[in-house]
Structure formats: C-alpha cells, structure tokens
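Engineer: Build out the structure end to end from the sequences listed, making use of the hints.
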Amino acid sequence: MLRWITDYIRYVENRPQDFNEHVKNNVRQIKELISRKEIFYKEADPIAFRDFARMFRHREGVWAGQPIELNREQKYIAACILGIKVWDKKEQRFVRWFRELDLFVARKWGKDTFIVPLIAYFVGIDKEPSAWCQILAENEAQAKRTFDLVKENVKEEPLDCWFTGTGKSSRAIECPETHGVIQYLSGRAKGKDGANPSVAVVNEAHEITNKNQYNATKSGMGARSQPMMIVISSAGITPESLYESLYERNKKFLKKKRLGLSDRIFALMFGIDEADDYRDEACWIKANPAMYEGRPTMDFLRGQLESMKDDPALLNTFIAKHMNRQIGASIDYFSMIAIRNAMRVVEPAEYIDTYAVGGVDLAETTDLCNATAQILTGEKFIYLQAYFIAEDRLARNSERDKQDYRRMTNLATGDRITSEVVVVTPGSYVRKEYVTAWFTLLRDEYKVSFLKIGYDRALSKEWLTDMQEHGFSHEKVHRDGETGSVTRDLGVLTEVAQGGWTLSEPIKVTKSLFESGKIVADVRNKLFAYCFYNLKIRQDVNNNLSPHKAKSTGHIDGAVGVFNAFVAYQRAKEMPLYANRIGHLFRI
1 MLRWITDYIR
11 YVENRPQDFN
21 EHVKNNVRQI
31 KELISRKEIF
41 YKEADPIAFR
51 DFARMFRHRE
61 GVWAGQPIEL
71 NREQKYIAAC
81 ILGIKVWDKK
91 EQRFVRWFRE
101 LDLFVARKWG
111 KDTFIVPLIA
121 YFVGIDKEPS
131 AWCQILAENE
141 AQAKRTFDLV
151 KENVKEEPLD
161 CWFTGTGKSS
171 RAIECPETHG
181 VIQYLSGRAK
191 GKDGANPSVA
201 VVNEAHEITN
211 KNQYNATKSG
221 MGARSQPMMI
231 VISSAGITPE
241 SLYESLYERN
251 KKFLKKKRLG
261 LSDRIFALMF
271 GIDEADDYRD
281 EACWIKANPA
291 MYEGRPTMDF
301 LRGQLESMKD
311 DPALLNTFIA
321 KHMNRQIGAS
331 IDYFSMIAIR
341 NAMRVVEPAE
351 YIDTYAVGGV
361 DLAETTDLCN
371 ATAQILTGEK
381 FIYLQAYFIA
391 EDRLARNSER
401 DKQDYRRMTN
411 LATGDRITSE
421 VVVVTPGSYV
431 RKEYVTAWFT
441 LLRDEYKVSF
451 LKIGYDRALS
461 KEWLTDMQEH
471 GFSHEKVHRD
481 GETGSVTRDL
491 GVLTEVAQGG
501 WTLSEPIKVT
511 KSLFESGKIV
521 ADVRNKLFAY
531 CFYNLKIRQD
541 VNNNLSPHKA
551 KSTGHIDGAV
561 GVFNAFVAYQ
571 RAKEMPLYAN
581 RIGHLFRI
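For the sequence shown, position 196 (counting from the first letter as 1) is numbered 196 according to my numbering, and the numbering increases by one without interruption.
It should be emphasised that the hints constitute simulated quantities derived from the structure, not laboratory data.
Check before you lean on any hint, since a few could be wrong.
With a straight-line cut-off of 30 Å between C-alpha atoms, the simulated DSSO-like cross-links for lysine-lysine are [claimed, not checked]:
hint : residue 1 : residue 2
1    : K573      : K518
2    : K447      : K380
3    : K255      : K31
4    : K321      : K256
5    : K127      : K89
6    : K536      : K211
7    : K251      : K85
8    : K251      : K447
9    : K252      : K111
10   : K321      : K526
11   : K251      : K211
12   : K31       : K127
13   : K127      : K155
14   : K380      : K508
15   : K508      : K321
16   : K309      : K155
17   : K380      : K37
18   : K218      : K252
19   : K255      : K218
20   : K536      : K461
21   : K255      : K211
22   : K321      : K211
23   : K255      : K551
24   : K111      : K24
If you're wondering where the values come from, they're calculated on a predicted model, not measured in any experiment.
Structural biologist: Shown next as structure tokens:
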C-alpha cells in the first residue's frame, strides 16, 4: 500500500526528534521519488509479502509461536523496495526501482523475523526466473545460522508445500515451482565465475573485513532484471569493516536531493546522531525505532548501560550495538585525570639500589624510541623513562609533534636520569646502542637490578646483540609439548608479542593501577602523559585490547614501553626464585 509509505513519511516529519539525519534524508528522497510521473507504485507486491510473512512465526520471546505481523518500519521498507517501480523499455514492463537494501539498526529490532520471510519471498513468490539467493557472512557458521533460520521456518506447514531441501544436512533450500534456490557461503569464499544470483543477503556486515565477496556478488547480479542486494546489520567495533565502508558511502548518498537513474540503493540507517550523548535516553529511540512495541524496552537498555558503563571496552559495545553508532574499534580508554594524578617529582632515593623490570618500544629508526624502567616497591610502580631521537630529525619532529625535544635533553633536575628525558643520537636515525647505554647507566651507577626487560622482536635484532654484549642475558624459554605450559629461566631480555593476546591484560591492569593510585611517574617527564593522550585502544571480536595511535603522526611509545614492562613484571613474578627471595616486591 502506498499509505505504508506516506504514513511513515508523515510520522517521521511530525516527530523529527525521534529520527536521525540519515532516516530524515531517506524519507525526503522517497517523498520526492514517488511524486514523479514516471514512477509507478504496485501495491500488490507489498501486500503479497505481508500475507506471506504471516505464514512465518516468531520463534522466541513474548511473541513465540505467533504469526509475524509487519511493524511500522517493516511495512515502509517492504512498500519501498517491492512496490516502487519504473518502466523498463528493454524489458517492456515495470521493474523495481531499488536494487539494494541497506538496513542498519540496533539489536532487538527483529532483524531475523524480517529477513527470513523476505529471503523466502524473493525465491518462492517473486516472479524472477530461476531465483537464486546467496547468504553471505564473515564466516560460514554465521551464514549458515541465517540459512538455518530460513530452513526451520519453511519446513513447517503451510510453507513446506513450497520448499524442499530442509533436511538437517541440507546446504540448499529449493522451491520447485519457481526453480528457486537458497544457499549460504562464507564472506571470505571465492565467488564462482559466471555466478549470477538474483538475491544476496549480507548479514552482520560489521564483522566482514573482506569486501571482495560483496563486490563480486553484486557485480554478478548485473544480468538480472530485478536484482536485490540486502545488507542488514547493527554497528560494530571491527575496523575497516564492510559496514563501515557502506555506512560512509550511504551517508553521502542520502544527502542527494534527487535520486538519479542509477541511484538504486534504499539506505535506512537508524542510530543516534553524531552530536547525541549516548547517556541521553531521549535519543535512544533513534537507534531503536520499535521501542513503541517493546523491541527493546527502555528498562532493558537502562540495564545494559548500567552493566557496561564502568568498562570502556564494554561501553564501546553498548554504543555500537544498542545505539547503533559506528565508532570504529578505537576508544579513549585511559583517564587523563587519573594519569595527571599519578605525576609528581620522583627523587633519586626512590630508585637508587632497587629492583626493576623494563620495557622498550624501539619503533622505526627515524622515529621516537622509548625505554622504560618500572621500579618495584611492593606498594606502587615508579616509572622512569628516556626517549631517543636522531639529531637530523630533531627540528622536524619537534615542529610536527609540537614538543620542545631539545629542552627535554636537560631539564636541570639535578639528576641525570630525570633530567635527560630525551636523548639525541647523532645522524639521521636512532642508534640503539644509546638505549643500551641508558639501561647500563641505571644498572651500574644507580644500582638498579633488572629482573626482566620486555621488547618487541620486530625491530630489536641489533639492539639485542648490543644488550647481551653489555651483560643483559636473554631468557631461555621451554614449552611443554603436551601441556603447552611455558617455563622461563632467569635471563633478563624477554620477547613480548605486540597483539591483543599478550597486551590486553597489561592494558586493563595498567588502567586499574592508574585509577587506584598505584602508579607514579615523574611530573617533569611531559612525554609520559603525552603518549597516553595519543593512545587509542582497539577491541577485537574476542574483547582483547591492543594499543594504537589516535593519529598517524602521534606518539604512543612511552605507553607501549609501560605495557611491555608490565609483561616483564608478570613473568618475573612467576619466577619461584624471585617469589621466595623478594616476594614483597610482587604484591601488586
């Protein structure tokens, strides 16, 4: 019914506070489109889909067992993608205007209850000859989940009269009357040459990082007269995902005043606006348009926020999944207030004749390098640092980073360690032997005994040789082939992998230590806070955290040095000899 469109347009126009900019742009485009003389609206198709959807039943929740009734948004979508048509001179018939549906909406809206009958409709009811639907996802298991939902529904009466291939091991559902087929494959599978599906469904696009399958499938649909690419997803935290790519494309697309002949994308993207505060309950309906029917309820969303608000990583998930805001995978994780509270003057007496662990971030030879010493007191960690820069890069990097590196070479604190925060090495690249000299200075003149020093293998080959020549031994690691357990000896230099698997716990613990006042850093070392200010934390699908730069020219070397030092601390803490002799230093 055309009224499904006009009523929704009127609803959005009358309640602008409940919809984001993208939805308003969508209804504006549709309003203009259906006003054209050349556009024909065929209400029989949306009504046929509504009646067909009623043969499906809700499978969970308060409506379990009841027939599916299209809600307000679903009627609008069905009317637009199925009912709006234009005359095709080549086909000599009216064909659908839209060839792609991008539906982005928060969790609990009922994406499955809408997409399952829609898939079956395009294969079993639509008039496309030999209809062929491919279901895509990041991996085969996810694609199969959607396929199985379709299969479980169509094997029930009366749908079992239309479809076959619903057995437990079936990989294809068929509709003999239309010669239609529904199949699933992984988003990373290679497409078949000559494949020309009439319908493709991309589920959970926020997890797909390989866009080739989407592009290849869409290209293969070109031979069809009424193809339909369906992308349905909530926002996510995976960087450079298909969702992110389509979201940015659609933002620009929706700003068009008038759709041209080649503009065949129906993009309906619910979510809070960029300027909205996710804590403002008044804007939550923008991401959750079906709250009027309890999908989800306000109490549910409040409970989710309450349970996630104190953990930045979980909060990131709340914003992405329940507010449908694409914020990428990088978050501001550390409190700068907590870091500033950790800064004070560190006196030599606090680190002379002590035990410590260390960490380095050697980075590129033309960039800033960091060395960190984590002094163990049993109650707090005291951090000493040095940064290394090449003489020929000093002026350029100082201007780019807006840091007076030259002044930091001598802060006149009365002590060499806290005074020489920046060490300038001769030439055009950082000479790593100066990093060795800093650790040697602490060991020989300040009597700091290093138990472990964590490093990244990628840029450390020559430095490791230099360190060993100056008496810092490399640990030997034994891995038990049966149990997988790892045993380390008393060697000082310990390799630290730089991914989320290794650094996730150090990042989380370091944050907690900052907030509990267990970390102390010298206030005259301005680069310590500067590196944490530039730091973004990226969360993967397993909730592992890893460090990244806020911008490509920023420096996080000092923060990475802290994380590598903490890994060294964890490994030293596991050594029975240290636990027995200096266990009081490992109470954190």
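Engineer: Looking at the structure, which of the earlier hints fail to hold?
Structural biologist: Hints 8, 10, 16, 17 are the ones this structure does not satisfy, whereas the remaining hints hold.
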